[in-house]
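Novice: Here the first sequence is numbered in full-length UniProt numbering, starting from 1 and rising by one per residue.
Please note: incorrect hints may appear among the correct ones.
No more than 27 angstroms apart at the CA atoms, straight line, and that leaves these computed lysine-lysine pairs for DSSO-like [said to hold, decoys possible]:
| hint | residue 1 | residue 2 |
| --- | --- | --- |
| 1 | Lys374 | Lys441 |
| 2 | Lys374 | Lys424 |
| 3 | Lys470 | Lys424 |
| 4 | Lys300 | Lys319 |
| 5 | Lys441 | Lys424 |
| 6 | Lys374 | Lys385 |
| 7 | Lys470 | Lys506 |
| 8 | Lys155 | Lys470 |
| 9 | Lys385 | Lys424 |
| 10 | Lys474 | Lys424 |
| 11 | Lys529 | Lys506 |
| 12 | Lys441 | Lys470 |
| 13 | Lys441 | Lys474 |
| 14 | Lys441 | Lys526 |
| 15 | Lys506 | Lys526 |
Derived by calculation from the structure, the hints in this document are not laboratory data.
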Amino acid sequence: MGRRSKLRRGGRAITAIPGGFLHLSLLASLRRRPSLQAHAQLLLLGLPLPAPTASRLLRPHLRSGNPSASLRLFLRVLRDRDCDRRPCPVDSQEDVPDSSSFSAALAACSRHASPSPGFSIHAFLLKSRFASNVYAANSLLHFYGSFGLHSLAHKLFDEMPTRDTVSFNTLISSYVQSCCIHDAFEVFRIMVESGLRPDGWTVTALLGACAELQDLRAAKAVHGVARRMLEPQVFHSGEVATSLVDAYVKCRGMELARQVFDLAEDNARNARLWTTMVSGYARAQEFDIAQRLFHEMPEKDTVAWTALIGGFVRAGRYKEAVVLFEEMEEAGFEADEATIVTVLSACVGYGNIDLAKRLHCLVGRDGLINRNAKLATTFVDMYAKHGCIQTAQEVFSGVDDDFKTLELFNAMINGLARCKFGEKAIALFDEMGSLGLHPDKITFVCILSACRYSGLVSQGFRIFDSMEEKYGVKPEIEHYTCMADLLARDGQLDNAYIFIQNMPFKANSVVWSSLVRACMLHGNIKIRKLAEEQLLQLDPNYKPENLPLSNLFSEGKRKERTARVRKFLNHKPVCKHTK
DNA sequence: ATAGGGTTAG
Numbered sequence: 001m002g003r004r005s006k007l008r009r010g011g012r013a014i015t016a017i018p019g020g021f022l023h024l025s026l027l028a029s030l031r032r033r034p035s036l037q038a039h040a041q042l043l044l045l046g047l048p049l050p051a052p053t054a055s056r057l058l059r060p061h062l063r064s065g066n067p068s069a070s071l072r073l074f075l076r077v078l079r080d081r082d083c084d085r086r087p088c089p090v091d092s093q094e095d096v097p098d099s100s101s102f103s104a105a106l107a108a109c110s111r112h113a114s115p116s117p118g119f120s121i122h123a124f125l126l127k128s129r130f131a132s133n134v135y136a137a138n139s140l141l142h143f144y145g146s147f148g149l150h151s152l153a154h155k156l157f158d159e160m161p162t163r164d165t166v167s168f169n170t171l172i173s174s175y176v177q178s179c180c181i182h183d184a185f186e187v188f189r190i191m192v193e194s195g196l197r198p199d200g201w202t203v204t205a206l207l208g209a210c211a212e213l214q215d216l217r218a219a220k221a222v223h224g225v226a227r228r229m230l231e232p233q234v235f236h237s238g239e240v241a242t243s244l245v246d247a248y249v250k251c252r253g254m255e256l257a258r259q260v261f262d263l264a265e266d267n268a269r270n271a272r273l274w275t276t277m278v279s280g281y282a283r284a285q286e287f288d289i290a291q292r293l294f295h296e297m298p299e300k301d302t303v304a305w306t307a308l309i310g311g312f313v314r315a316g317r318y319k320e321a322v323v324l325f326e327e328m329e330e331a332g333f334e335a336d337e338a339t340i341v342t343v344l345s346a347c348v349g350y351g352n353i354d355l356a357k358r359l360h361c362l363v364g365r366d367g368l369i370n371r372n373a374k375l376a377t378t379f380v381d382m383y384a385k386h387g388c389i390q391t392a393q394e395v396f397s398g399v400d401d402d403f404k405t406l407e408l409f410n411a412m413i414n415g416l417a418r419c420k421f422g423e424k425a426i427a428l429f430d431e432m433g434s435l436g437l438h439p440d441k442i443t444f445v446c447i448l449s450a451c452r453y454s455g456l457v458s459q460g461f462r463i464f465d466s467m468e469e470k471y472g473v474k475p476e477i478e479h480y481t482c483m484a485d486l487l488a489r490d491g492q493l494d495n496a497y498i499f500i501q502n503m504p505f506k507a508n509s510v511v512w513s514s515l516v517r518a519c520m521l522h523g524n525i526k527i528r529k530l531a532e533e534q535l536l537q538l539d540p541n542y543k544p545e546n547l548p549l550s551n552l553f554s555e556g557k558r559k560e561r562t563a564r565v566r567k568f569l570n571h572k573p574v575c576k577h578t579k
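Produce the entire structure from the sequences given, and follow the hints as far as they go.
Specialist: Below, the structure is given as structure tokens:
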């Protein structure tokens, strides 16, 4: 361990006094001057840091803003303790991070772009004396859930010595988020059986499951459960009312949603409940009612505006969406991340280039786009889809590494694939691991598509073969489709045919028609007949002229429609803040 | 101390 007591900065040596005092005064200055945060934290990284100080330093920072730097610091502290290999004094509160800093750190891990810091903290937690602390364990549960690692979450849950309502709620939400609805209800059953009373969070999670399934009957059943099992004041709260309305809306039960809304008491009728109703009517394409309700809404906010704008976008009424956005700005509401994402798709649909550029400027200011993966992903996706792959890449590489998420990589790889930059896509794919990001099944669809559009046969198979053994992602029919098409486009039509027949899935019409198309291209009549027989079995009305060549056509049409968009987008936004 | 809620969507 290189323990330095002197740090150099700008030619001036700062003498550090080992011990807590310096840290505490730094901490104080850090609170007062946010601009110093990054520097002060770097300074601290070079110092031996007493753990209690670290805890005090970290707790407020891990909760808000950019937790990445704080997380690095926390891990550093943990490693320092670990390297010392001192026997951990069981009763001593000294020199060891306390349990609440583990919770705070894990909460930060859940919001981090990559799961790796969370894995490390789990390891340290196991060695600490808080391994069975229910707060720490619940935070860990939430961490696994937030990265969709529900099997790890469940394993952890099974091993927890104590479980409380929060543990159950967290596991249920984890399953709902991974669309394992059946498991979510199963956990709920066990929860009730073990005598724990569900609370508002439980009901909300279950209603989320009903909404996901679009199962109106299930939503009604959960409504009944809530009425019977919740404390009356919880049942009548705005939170529960909002989840009920949200579930009914998503299950297309507007009348029921309206009933809940009408019956809600005044204190439960908050902005969220209003917004849910507005967005519900907008989803149901009842724009008159949605707008009337929106105007009746006592305290509109950015989210409510965004909900209505989003309704118009979803209905393809882009012009109205853009007009509404302008009204919103005039009324003095500031666009947030969701607004930008929503309005951007309206711009693309409506061909409003000036607004798209203005939005890019808006998020380029203060480098917002460089620290917000969702924004960056939307812009990367938009630029790539319009063939502005260079601008897409600029947006991508502008994002700080700590903020690069799996979705962002997927969007960039997908963009490179579509523009036939296969090699670049593979390079990017290889880069993910170093940021602690694990490719998922979507990543593989993108990267294998990159190979097929660029004719990279051997690389494609190398990656395909590594999917399960190296990355633990089981190939699905989409991946097999890519591989069959990769072979077919390469002219290996016999191999493609054999490959399709040996797939562990029943080939669908997508697979066969891509083979027919490749046969037409390479003039292979024998395989084409075989493929067409299969297509006829799948669809007795199959005719070669109905073959979904539409891909090609629509691509051509899309290109034409977006040519104008691209022309403008290729010029960087005229904005000094961007970049 | 630990968890979500309404807006984003190819």
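Novice: Give a verdict on every hint.
Specialist: Here's how the hints hold up against the structure:
no., hint, in the structure
1, Lys374 to Lys441, "holds, 19 angstroms"
2, Lys374 to Lys424, "holds, 22 angstroms"
3, Lys470 to Lys424, "holds, 21 angstroms"
4, Lys300 to Lys319, "holds, 22 angstroms"
5, Lys441 to Lys424, "holds, 19 angstroms"
6, Lys374 to Lys385, "holds, 16 angstroms"
7, Lys470 to Lys506, "holds, 25 angstroms"
8, Lys155 to Lys470, "holds, 22 angstroms"
9, Lys385 to Lys424, "holds, 17 angstroms"
10, Lys474 to Lys424, "holds, 24 angstroms"
11, Lys529 to Lys506, "holds, 18 angstroms"
12, Lys441 to Lys470, "holds, 13 angstroms"
13, Lys441 to Lys474, "holds, 8 angstroms"
14, Lys441 to Lys526, "violated, 34 angstroms"
15, Lys506 to Lys526, "holds, 21 angstroms"
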